[in-house]
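K.L.:
Listed below are the residues making up each chain.
Protein chains: 4
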Amino acid sequence: MNKLLDGIIENNRIWTKQGKVATYIPELSKADPQAMGIYISALNGEEHFAGDYSTKFTIQSMSKVLTLMLAIMDNGKEKVFSTIGMEPTADAFNSIINLETKNKQRPLNPMINSGAIATTSLIKGNSSEEVFNRILEFTRKATGNPDININEAVYESEKHTADRNRALAYFMKGTGVIENDVENVLDVYFKQCSMEVTCKDIARIGAMLANDGVVCWNQERIIPREVARIVKTIMTTCGMYDASGHFAVHIGIPAKSGVGGGILAAVPKRAGIGVFGPALDEKGNSIAGIKMLEELSNELDLSIF
Amino acid sequence: MNKLLDGIIENNRIWTKQGKVATYIPELSKADPQAMGIYISALNGEEHFAGDYSTKFTIQSMSKVLTLMLAIMDNGKEKVFSTIGMEPTADAFNSIINLETKNKQRPLNPMINSGAIATTSLIKGNSSEEVFNRILEFTRKATGNPDININEAVYESEKHTADRNRALAYFMKGTGVIENDVENVLDVYFKQCSMEVTCKDIARIGAMLANDGVVCWNQERIIPREVARIVKTIMTTCGMYDASGHFAVHIGIPAKSGVGGGILAAVPKRAGIGVFGPALDEKGNSIAGIKMLEELSNELDLSIF
Amino acid sequence: MNKLLDGIIENNRIWTKQGKVATYIPELSKADPQAMGIYISALNGEEHFAGDYSTKFTIQSMSKVLTLMLAIMDNGKEKVFSTIGMEPTADAFNSIINLETKNKQRPLNPMINSGAIATTSLIKGNSSEEVFNRILEFTRKATGNPDININEAVYESEKHTADRNRALAYFMKGTGVIENDVENVLDVYFKQCSMEVTCKDIARIGAMLANDGVVCWNQERIIPREVARIVKTIMTTCGMYDASGHFAVHIGIPAKSGVGGGILAAVPKRAGIGVFGPALDEKGNSIAGIKMLEELSNELDLSIF
Amino acid sequence: MNKLLDGIIENNRIWTKQGKVATYIPELSKADPQAMGIYISALNGEEHFAGDYSTKFTIQSMSKVLTLMLAIMDNGKEKVFSTIGMEPTADAFNSIINLETKNKQRPLNPMINSGAIATTSLIKGNSSEEVFNRILEFTRKATGNPDININEAVYESEKHTADRNRALAYFMKGTGVIENDVENVLDVYFKQCSMEVTCKDIARIGAMLANDGVVCWNQERIIPREVARIVKTIMTTCGMYDASGHFAVHIGIPAKSGVGGGILAAVPKRAGIGVFGPALDEKGNSIAGIKMLEELSNELDLSIF
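Residue numbers (this note's numbering), protein chains in the order written: chain A, -4 to 300; chain B, -4 to 300; chain C, -4 to 300; chain D, -4 to 300.
These are computed hints drawn from the structure, not numbers from a lab.
Check before you lean on any hint, since a few could be wrong.
Identical chains blur together in the list; that is why a pair holds if it fits in one copy or across any two.
Only pairs whose alpha carbons sit at most 27 Å apart, straight line, appear in this in silico DSS-like list of lysine-lysine [claimed, not checked]:
#	residue 1	residue 2
1	K136	K74
2	K97	K168
3	K195	K264
4	K25	K168
5	K51	K12
6	K278	K12
7	K154	K168
8	K97	K278
9	K154	K51
10	K74	K278
11	K119	K74
12	K74	K12
13	K51	K136
14	K25	K195
15	K72	K119
16	K72	K12
17	K15	K25
18	K195	K278
19	K12	K25
Let the sequences and hints guide you as you build the complete structure.
P.N.:
Printed below as a string of structure tokens:
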């Protein structure tokens, strides 16, 4: 198995040259475009890995999966999905158009930026610090890694270059989708995106989802089974932005990407997978990460379809 | 099991009053809004049914599943998906906007009208009669029902009220997506939509897909495994139009609806399901059909997620 | 004055190289990209001209001005503008988006293709032949040129390459904007676009509008004063497609362009102007034609603002 | 003449009941919906007035005319119109869509909110206080009224309810249209909108534009002739938002409205007109104000077309 993973890394290294490291957040542009890592956390307890599996990177949009779980547990699914839709969209992850054109002015789903910011605004807490701390603690619990923290440089960088996210948030404030103070909500959002993880950490989150909400190392249930199922479903239809359909056809596993280069995948009943590769394709997904998952899915017949 | 199905019909009959029979094709408006049927064709050979399972209705958009299979087998998946995309959309099934706004001017996926018309244009044949006959024969083979035929009244009705579909087709002709004569392509499209089926017929098609391309009654493979997988995936992400995300979360089964009131569902490795109920919701999906599938999925734990 | 016009032609000849002759209608691509002509028909009876002022070219979208006059006279302004809007748009002349997105699904104005096709559908007549003959007779009357006729080759070429216009027309048929048979309406539309004119002819139409509806050579009123004013206003706000704002600021004269390379302009109380130059800019307007009008407007202080 | 104006007020009072006072800025909702005023400042020095012509109201979007003049004088027209377009749009005054969909991501024109905020960002000054003071001084000069000042309550109200304008501004910051600090730019924008004027004041601004940039009472030129012409042109094509086409056809005078209920109009070579009526139509224009201008234009033949 480790040999298989080593091979997958080598077979797909060539793809890193086709992609580009994210530059719109200056700190992210410092990543090594050729880095590649993979980590599998199987539900039977086995763990396999290869490449730069222990390199730290920021979780970015993969955090949307965690905040969606918290928001549903805090508010119930009815409240969450009357505020944010659950429909995939062919528009880009940072698109603002549907907020003006769709009748109900809801963000279309929790995996695009508008929907994710609205999701974060629903998480309970007496202050933005408390809200973020709840997200951080939940992330540590889901990964079994008490050392997870934010990368301060990335957080500051996000905060100062987030004009499009500010536009999305203020638009939603104007239409009533967001009820809280916009700057507080955005501060939590920038922090959640700046949490540093490894392939192992995200594989562990994927394993918990694959295991219907129970972490593998101590059998603790941290989210209800229904929440795990909802999240996996939305990852499948919306998790790879406007390449979600392509990913479903070619890989067929619930997954969520982040512009830091990570992809978090959950193979129901079998395993969580974390891959890493900071060179991105034009949709904002890790280019080598997708190719590694495609080869792995074909080799091990992982598609759910 | 039959008792379960009888119960599901009764439990959800109330929903038929919330929906409306399609009226834009005059012939469709004659359907009984209170009709409800269900048919399960399990891969182990068992068949179960209840309600109006033997009532005939036109296949409508469920035919998009059949033409997608034929188009891929005729042209290869590369050709099909360079002509038509595979991304879900939050726009309505008959929307024309993306044909103008998206860079490549491809229809977004084969399950919305624009993409389905383009798919039909790719099916081989020396004349539009030959193309349709190939679709009809394939449908008879996939259902094991040699008596399937078109409802002439519906076909004529479609043909004379299809201004929006004509607009979609001429737009795609103008951008080069469709290369054949538009009126010929549309004629095939109207005919494929007018084929009459029962819940049993569509359950059989679902069973073939669930069985990775092999029909259950004689173990004949009629499509390659990969084609079956692609089609099930696209049904999951795009099959219920701009309610696909909602359907995936609440039911979690690859499915395709038609405005005649049918829904064709494929539970991988387990069964095909056909449901029927002509009263539609505002998205154009059978309102009671969705509710019956939701109850069935919950009862039998059918979600793939 | 003739010297001024000769100079304007020479000063702006260089612009012809920046533009391209229309190619989407094959016949139009045969035009000489370097041709340039200008004709002024002053209300005091003076006429001035230079360059290829007697070269024939097809009237194309300038015919929208004539059909708008007829449609208003046939139906009254209330009927016309409840069917077609009078608002300028930043979308291209052949855009279909607003037909789906704007609440009332009306074409935005009579100068873009959708609105012009709807306008033609409102002109009275017992057959499409009669409708077109009324347009032809009106054009002959407005120009004082009984020899105007259609260019058959262009008409056939339009008819066989008009997929986008067909899409617009069928879309409007589907939403009820067009009530007549679509192919009949389009046949009239292709014919009206194929009428052959010279700079002199279009200058004469402009002079009639400048003179509030009265032709100069025999003082016959051919349209009411109010119709002339409405048409000049809509030419100002919408006549140069999505470059109308730019044209208003830089030239400031009511005008309408055609992809054959002509621009018809009406300087209120003073003169009609016809310019010609088949090389078009990216918006579909004659590139040298605009530059000639700009120089002329500056020299003679023609802006209405 | 005063009798004519009195009659116009009475004839159109009924329209005030069809409209609604703006409520999205809470302070504005306190206005008297039945108030109506009119003031004419003719270039020959005559002044006429009727109704609530001396009632103060906030200038709101009519300030866009003043900032456009300053921005052009500060930067030249090339710089201004390479940053902001000059094309009318059929979208609403606060629409954000075109900022994402149009190729160059420029706001379409300086009369809609996005374009006006970008225009303000171009006005020179070492601080936002200095920028606003320049606008205030210019407004006092253009009106001949040294007492003009901001309404502090409206300014505070704008500042706290301007989520949509914030969204527009941050979006443009993200695409590079706005280079300055967004909150500073918005602070100036809210202040410029909060300046209090009367019908007389805005009639005076209109007279200056009608007089090609020269104020009537002391013959001082305060803007170049070309700037006056550009501004009048853009008022004609874009000044009444997505009702600009309707206004041009029915009234035919360069004009700009504000949600405070004012309309500033400039009849070239003849007069400036200020009308007031806080009840607005659905496009955000004074409903009785438009009707009063329509009657006045018809009575005195003021259309420029």
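K.L.:
Decide, hint by hint, whether the structure agrees.
P.N.:
Against the structure, the hints come out as follows:
1. Proximity of K136 to K74 under the C-alpha cut-off of 27 Å is restricted to the intra-copy arrangement: shortest distance 25 Å within a copy versus 46 Å between copies.
2. For a Cα distance limit of 27 Å, the shortest separation of K97 from K168 qualifies both inside one copy, at 16 Å, and across copies, at 24 Å.
3. Taking the shortest alpha-carbon separations for K195 and K264, only the intra-copy value of 18 Å comes in at or below 27 Å, while the best inter-copy value is 32 Å.
4. Taking the shortest Cα distances, K25 and K168 sit within 27 Å of each other only across copies (24 Å), while inside one copy they are farther apart (33 Å).
5. For the homomeric pair K51 and K12, the shortest alpha-carbon distance inside one copy (21 Å) is at most 27 Å, but the shortest distance between copies (56 Å) is not.
6. In this assembly of identical chains, K278 and K12 lie within 27 Å of each other by CA distance solely inside one copy; the values are 16 Å within and 38 Å between copies.
7. Taking identical chains as interchangeable, the C-alpha atoms of K154 and K168 lie at most 27 Å apart whether they share a chain (18 Å) or sit on different chains (14 Å).
8. For the homomeric pair K97 and K278, the shortest alpha-carbon distances inside one copy (23 Å) and between copies (14 Å) are both at most 27 Å.
9. In the homo-oligomer, the alpha carbons of K154 and K51 lie at most 27 Å apart inside one protomer (20 Å), although the nearest pairing across protomers, at 42 Å, exceeds that limit.
10. For a Cα distance limit of 27 Å, the shortest separation of K74 from K278 across copies, 22 Å, qualifies, whereas the shortest one inside one copy, 30 Å, does not.
11. Within a single copy, K119 and K74 get their C-alpha atoms as close as 13 Å, which meets the 27 Å cut-off; across copies the closest is 48 Å, which misses it.
12. Taking the shortest alpha-carbon separations for K74 and K12, only the inter-copy value of 26 Å comes in at or below 27 Å, while the best intra-copy value is 44 Å.
13. In the homo-oligomer, the alpha carbons of K51 and K136 lie at most 27 Å apart inside one protomer (18 Å), although the nearest pairing across protomers, at 54 Å, exceeds that limit.
14. Within a single copy, K25 and K195 get their C-alpha atoms as close as 22 Å, which meets the 27 Å cut-off; across copies the closest is 59 Å, which misses it.
15. Taking the shortest Cα distances, K72 and K119 sit within 27 Å of each other inside one copy (14 Å), while across copies they are farther apart (47 Å).
16. Within a single copy, K72 and K12 get their C-alpha atoms only as close as 42 Å, which misses the 27 Å cut-off; across copies the closest is 26 Å, which meets it.
17. In the homo-oligomer, the alpha carbons of K15 and K25 lie at most 27 Å apart inside one protomer (11 Å), although the nearest pairing across protomers, at 45 Å, exceeds that limit.
18. Proximity of K195 to K278 under the C-alpha cut-off of 27 Å is restricted to the intra-copy arrangement: shortest distance 24 Å within a copy versus 42 Å between copies.
19. When the C-alpha separation of K12 and K25 is checked against a cutoff of 27 Å, the pair qualifies only within one copy, where the shortest distance is 16 Å, while the shortest distance between copies is 46 Å.
In this structure, none of the earlier numbered hints is contradicted; all agree with it.
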